[in-house]
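Taking the hints into account, I'd like the entire structure generated from these sequences.
For reference, the chains in residue letters:
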Amino acid sequence: ILNVEQSPQSLHVQEGDSTNFTCSFPSSNFYALHWYRWETAKSPEALFVMTLNGDEKKKGRISATLNTKEGYSYLYIKGSQPEDSATYLCAFIKVMDSSYKLIFGSGTRLLVRP
Amino acid sequence: GAVVSQHPSWVICKSGTSVKIECRSLDFQATTMFWYRQFPKQSLMLMATSNEGSKATYEQGVEKDKFLINHASLTLSTLTVTSAHPEDSSFYICSARGTGVHKYQPQHFGDGTRLSIL
Numbered sequence: 038i039l040n041v042e043q044s045p046q047s048l049h050v051q052e053g054d055s056t057n058f059t060c061s062f063p064s065s066n067f068y069a070l071h072w073y074r075w076e077t078a079k080s081p082e083a084l085f086v087m088t089l090n091g092d093e094k095k096k097g098r099i100s101a102t103l104n105t106k107e108g109y110s111y112l113y114i115k116g117s118q119p120e121d122s123a124t125y126l127c128a129f130i131k132v133m134d135s136s137y138k139l140i141f142g143s144g145t146r147l148l149v150r151p
Numbered sequence: 002g003a004v005v006s007q008h009p010s011w012v013i014c015k016s017g018t019s020v021k022i023e024c025r026s027l028d029f030q031a032t033t034m035f036w037y038r039q040f041p042k043q044s045l046m047l048m049a050t051s052n053e054g055s056k057a058t059y060e061q062g063v064e065k066d067k068f069l070i071n072h073a074s075l076t077l078s079t080l081t082v083t084s085a086h087p088e089d090s091s092f093y094i095c096s097a098r099g100t101g102v103h104k105y106q107p108q109h110f111g112d113g114t115r116l117s118i119l
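Chains as they are written, first to last, in our numbering: chain A, 38 to 151; chain B, 2 to 119.
For the record, the hints were derived by calculation from the structure and aren't laboratory data. Hints are supplied without guarantee of correctness; some may be wrong.
Distance condition first, Cα-Cα at most 20 Å in a straight line; then the derived PhoX-like pairs of lysine-lysine [as the list claims (entries may be wrong)]:
(1) B:56 / A:138
(2) A:131 / B:104
(3) B:104 / A:138
(4) B:42 / A:79
(5) A:115 / A:95
What follows is the structure, given as structure tokens:
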């Protein structure tokens, strides 16, 4: 059984706080990891594709790191704003022969209070 | 950017009804589309991979006769929940990957369909 775990399940922070959450995944047979941002009533939007151990990617105030040897990725948000409120999903790519599928974590729900 | 349209957004119907959900890629061609289901407080679970012009590949535990998938063109895949029952009530969401796009590139998602069976 391939498990992708995300923690915490939910997080409430004050506007301006910096925050981070974790995605844990199997460390063997790593191919790639995706981070998605999912706002209520909208479709999940891709944030990052992480492929190499030690990867660090940044988009504005949001950044992500990757450790494939120990099987975790962190997502950081610097100076949280109310518009950052969303569910953040990570997805591990499992490759099988010529096909692949995404194994999702259950997400971290972030609420940023003004 | 790549846009995926999913319709309908919300369905409420009686037990025994069959329900069809459409997933369209609006500005790109998608050889492969994916159908997921999410129960409350659980993660998105892949139900099946839909390939244009061929049979869908179903995940273990997903009944292919219950969840019919048709991917007749490069821009449209449909999921039909046949003779739906209350236990089929869930959130269904599709995603698509552009033709020729590397497999590790992210998928483009629809907005999802909330299905409630009375």
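Checked hints:
Proposed proximity of residue 56 (chain B) and residue 138 (chain A) is supported: the alpha carbons are some 17 Å apart, at most 20 Å. Between residue 131 (chain A) and residue 104 (chain B), the direct Cα distance comes to roughly 10 Å. Compliance with the 20 Å bound is thereby established for this hinted pair. Under the criterion of a C-alpha separation no larger than 20 Å, the hint pairing residue 104 (chain B) with residue 138 (chain A) is consistent with the structure, at around 9 Å. Restraint check for residue 42 (chain B) and residue 79 (chain A): satisfied, since their Cα atoms lie roughly 17 Å apart, inside the 20 Å limit.
For the hint linking residue 115 (chain A) to residue 95 (chain A), the alpha-carbon distance of about 11 Å falls within 20 Å, and the restraint holds.
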